[in-house]
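Protein chains: 2
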Amino acid sequence: MRRLHLSVAVLLITSPLINSFAQTKTIAERLGYPPDSKLLIIHADDLAVAHSEDAASFDALDKHAATSASIMVPCPWLNEVAAYAKQHPDADLGLHLTLTSEWKTYRWGPVESKDKVPSLLDPSGSFWPDTNQHNLKPEEVEREIRAQIELAASMGIHPTHLDSHMGVLFSRPDLFAVYVKVAHEYKLPFLAVRSADAPKELLAMLSDRDLILDSIVMADPKVDSSNWKAFYANAIKNLKPGVTEIIVHLGHDDAELQAVMVDHPDYGAAWRQRDYNVVTSPEFKKALQDNQVILIKWNDLKKLLN
Amino acid sequence: MRRLHLSVAVLLITSPLINSFAQTKTIAERLGYPPDSKLLIIHADDLAVAHSEDAASFDALDKHAATSASIMVPCPWLNEVAAYAKQHPDADLGLHLTLTSEWKTYRWGPVESKDKVPSLLDPSGSFWPDTNQHNLKPEEVEREIRAQIELAASMGIHPTHLDSHMGVLFSRPDLFAVYVKVAHEYKLPFLAVRSADAPKELLAMLSDRDLILDSIVMADPKVDSSNWKAFYANAIKNLKPGVTEIIVHLGHDDAELQAVMVDHPDYGAAWRQRDYNVVTSPEFKKALQDNQVILIKWNDLKKLLN
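Heads up: the sequence lines are chains A and B, in that order. At position 244 of the first sequence the residue is numbered 293 (our numbering), and the sequence of numbers has no breaks. At position 203 of the second sequence the residue is numbered 252 (our numbering), and the sequence of numbers has no breaks.
FYI, nobody ran anything at the bench for these hints, they're computed from the structure. Incorrect hints may appear among the rest.
[What the hints assert, rightly or not] Only part of the chain B face toward chain A is listed, based on derived beta-carbon distances under 10 Å:
id : residue
1  : S173
2  : P290
3  : D303
4  : D339
All C-beta atoms in this analysis are idealised placements derived from N, C-alpha and C, irrespective of residue type, glycine included.
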């Protein structure tokens, strides 16, 4: 069966109902911009998964080609990212809460003790490779994501936001409830996106102080590799007023990443090189300028919470 | 403090006493060779630590430039090695029992549940980075090395032998006792080397059926990089009758391995490239032939046990 790589597979969805509770000012206004501003977070997922991913993402952050990124705390290269975070206190780094280990040659497991989170583990003791849920127990999910946040903190990482690797925490109301509860407790903004058809049970979990994004853009396997630049150029051209996040996966198409992602061209090494090439290109920068896009970070949103 | 990388830091040492219990025939004779034969295992350590290490080691095994290798079961690339083992059932693969996580950017932890092996873990939940022992509890060491052996077996790896990453299991009598007990139980030969000055408490742990090697050769930081070929050429020239193991660390000097081993030239990426270059060179092959060296595998020794 084809593995799915769903960085934001099922995003939370809010209905107009939530707006009745919400702040009357838009996020743009609260940040001091005109109400029809097009605000954009350019977000690199999957830091710590591989050196190649880290190197490309750090480079994009350093060049301000990405404004924000999130870290997979259980992954082997966490120390490399923690060192970068210490050296770059202004880098906008969140936690990409991780409950899957999806590549076939290269695996990782929980931060928690394995016998405290057995429902999260495959028979080898790594996280499950897919998002088929496997009866993940919400109390074990909560234990594990708290352990990830605490480990990051102990290593000097001060996250600006939370999101969910492969969308696992968006996939069930009970897991979404854990995500929202923990984010509220740590006073961190979290990825959630406005939409018209939200299940009411999810809405009930949100507070009127939660900062809901207006849209998400992410390349998916339907985008042909020859159309990569055009896909992003169109996305920029079609940005609407409000807060959008473009989610990219940055890496170099090198021996390490090719081996991690072997036999999996979707979100594979060449894919990540294409994403890196686009976001660091002069054409992409010019498209942002031509379309009056205002780049923001998750930390801008975090300041609205505190 | 400088980290030590001691693949065979403190090898077990046996005294002439042990010989009085031993088989009257030498290993060479038991394998059907003349008693004065120079038998050699060319052994690649550290499989599964990184893709670069795996790629170089698999290549050397495929070319018969290395006769044997051992696997770090807790490391992220275990699945890559397990796939190789399945595709190469004759590959001579042992387990490099691992109780340290010594690189600063890139870490791994236990196979066992963390709460069952707390003395093995640093504050981040990875293995300790060094061999300073940190009051490792022998019962936790036993639990962890049994978990490593069982995980390897569950993934279709049938080990030919056991040895110890950075020599942790050779460093204390109580840990050595665990190593010997577990090896005996699994009927696996294990790395131990003959010497004249063995502590009697270690000798008491050995059986007269144990297969003791006569010497070990391994490059160390005293070998200048410009003398790499000469170091190995001399080692081959000076081989004595009996069983010797040359321990090498094979890798490519590429972005991944440079990042794993950053700031650590000893046993670093360039070091591993040099080892790879030597063992795969025509000169090395010729030196083996010129010196009438007989290449053997750990599986040859394993057959003597069963």
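Here is what the structure says about each hint:
Among the interface hints, the one on S173(B) holds; its C-beta lies about 7 Å from the nearest C-beta in chain A, closer than the 10 Å criterion. Nearest Cβ of chain A to the Cβ of P290(B): about 42 Å, over the 10 Å cut. The hint is violated. Taking 10 Å as the C-beta cut-off, the interface hint given for D303(B) holds, the closest approach to chain A being about 6 Å. Interface restraint check: D339(B) against chain A, minimum CB-CB distance 35 Å, threshold 10 Å, status violated.
Checked against the numbered hints given earlier, the structure breaks hints 2, 4 and satisfies all the rest.
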